[in-house]
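S.K.: Residues per chain, in single letters:
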Amino acid sequence: MACDELERVLHAFSERYNSNEKLQKMLRKWSVDLLVWCKDTGNGFLINVNNGRVVSIMRTEDSTTGRVKVVGESAILIEMFKGLKNPSHLYLDGIIEVYGPERDQIILDAIVEELWGR
Amino acid sequence: MSLKRALKFSRLVAVTMGTPLASSVFPSLMLLDLAARSLINEVVAVLMATVLVIIAALAYGELVSIYPTAAGNRVFLKKPLGDVIALALSLMWIFILLGAAGVEGYVVGYVLHYLISLYVGGIALTILSPLVLSLIVMTLILAINILGVEISGNFQMGITYFIAASLIVISIISIFIFRNTVPQTITNIGNFNLIDALSAAAIGVYFFLGFGRVTTLGEEAVDYKRGLPLSIPIGVSILGIVFIFITTAIFMRVPITSLISMLIPQVLLGKYLLGSEGAIFMIIVSVLMSFSTFNAGVLGTSRLIYALGREGTLPRFLGKIHRRYFTPYTSLLFLYAIAVLMVFIITYTRSFSIPLYVAAGFDSFMYAAIGYSALWHVRHKLGSTSFHVRGGSIIYLVATIIFTLLGILLLITTPPVVTIIIVLGVISLIIYAKIRLKP
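The listed protein sequences correspond, in order, to chains A and B.
Sequential numbering from 10 applies to the first sequence in the working numbering.
Sequential numbering from 221 applies to the second sequence in the working numbering.
FYI, nobody ran anything at the bench for these hints, they're computed from the structure.
One thing to keep in mind: the hints can contain errors.
Here are the in silico distance ranges between beta carbons for each label pair [unchecked claim]:
id	chain 1	residue 1	chain 2	residue 2	range
1	B	A385	A	E16	48 to 54 Å
2	A	I104	B	L367	28 to 34 Å
3	A	K34	B	S481	55 to 61 Å
4	B	A385	A	D71	36 to 42 Å
5	A	I66	B	E370	47 to 53 Å
6	A	S28	B	L644	47 to 53 Å
7	A	K34	B	M482	30 to 36 Å
8	A	K31	B	L360	30 to 36 Å
9	A	D42	B	K540	40 to 46 Å
10	B	P636	A	K38	55 to 61 Å
We put the CB at the ideal spot given by N, CA and C, even for glycine.
The shape of chain A in the complex, shown without the other chains (with noise of 0.2 Å):
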């Protein structure tokens, strides 16, 4: 069920991330595999993003893949998803995890900061 609705929140972001116009010309080059991990389910997504764009959102239950992970529990991150709380703050309190190159993580803030002003 969380993950259905975490499935269900990660296409709306993705529409969310691809109709924004900035975003797209800001990260035209950027290509990642970003893993959401669920570590109350064990099971994850993986995002494809080539060129700036997400192609595809996959289940998977491979904890190690992905170029970027970000772990957490499913109800956290289905909120964070929505633009409900702040990743910023879930990451220095130690809710959520993450792991990747430097890079990756601040392109991440940067789409927050853009999609939701936070």
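Using the hints, position chain B against chain A.
M.R.: Chain B in isolation, oriented as in the chain A frame:
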């Protein structure tokens, strides 16, 4: 262990070592030698500091395995000490690291000025003063970081291990081989005095400043929960070996009058052993040490400031992102400003000892807090299963007590201004944290 995992583990160890292997260790060496007063006290002091910091590293390892990508000490301290105290101590820690960056900037300017003085003199040397050279280096580091120039992790790893190996080799050569070419040879180990050794150990703890920076990186997902906690005590142990060798070599071979008047005893050591080639070699090693420390320390500290700015705990402008280079440029500028201010303060007061004593003192109290936090998590059964220290309760309790006493001893044996700075700093930041965290 496969080659890939071995390389990644080696990198984690190198990252642990990178920040503490700073050129500012050498002026603090002078303070340690003055406190120790004898060779036996000096060796025992560095040994004690190493053992104590290894214990602190174990505590860090335990906490990192519970909070793998924690952005600094705040998360580690929040549950046992409350958010206000945790934030205040973390902010104080940031300012300590920024101050240390300033001391490092000051020393690297001094090193480069010495290098230039070997080849040029007169007006050129006057214009290229240590202060100017410090500013040039720090501005260059700032530019590299704002532009997002990434230094290969393997290249950085290579530099770190090269530095460690060079310091050990130079030390062994000076202690055992070329001892007759140097102006001083201390062979008498002197008298052991526990208070002197402990006072020196409190300063020796400063040598390891920033070893925990690796906890803020979160770069590699592979084997993070076990590899990272393990790499910290191993990295600290290697650092301990390096520091024991180099401090002993300098104590035995560099006259105390030279130690007091020059900030670069490592260059003098190289010069005594191998002439100008030796001096140049040690200058290269020192510059690499500064480069490694700046690259490691600057990045980690700016990331934390940036994250706190985005959260709103620090002023929001510190959380701005450069939209072309995707770097935390305002936090980098802030960091640069504080470090440059420290360089000016040290240059015009001609005193680096106070910032070093403040850093060493607060360092001890911070490790005590970390030890207490590890103890608290173990006692409340919140420990991780991937990295757990047997007998951790006793080890962390001992660490908490010893580091607290060490910190108090340092405050008692140093000028009162050190205590004033630490106490006022922490109180001010507690007040700031209370205001900022008001619901």
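S.K.: Each hint needs a verdict: does it hold in this structure or not?
M.R.: Here's how the hints hold up against the structure:
| no. | hint | verdict |
| --- | --- | --- |
| 1 | B:A385 to A:E16: 48 to 54 Å | holds (51 Å) |
| 2 | A:I104 to B:L367: 28 to 34 Å | holds (32 Å) |
| 3 | A:K34 to B:S481: 55 to 61 Å | holds (58 Å) |
| 4 | B:A385 to A:D71: 36 to 42 Å | holds (39 Å) |
| 5 | A:I66 to B:E370: 47 to 53 Å | violated (28 Å) |
| 6 | A:S28 to B:L644: 47 to 53 Å | holds (52 Å) |
| 7 | A:K34 to B:M482: 30 to 36 Å | violated (54 Å) |
| 8 | A:K31 to B:L360: 30 to 36 Å | holds (32 Å) |
| 9 | A:D42 to B:K540: 40 to 46 Å | violated (27 Å) |
| 10 | B:P636 to A:K38: 55 to 61 Å | holds (56 Å) |
Comparing the model with each numbered hint stated earlier shows that hints 5, 7 and 9 do not hold.
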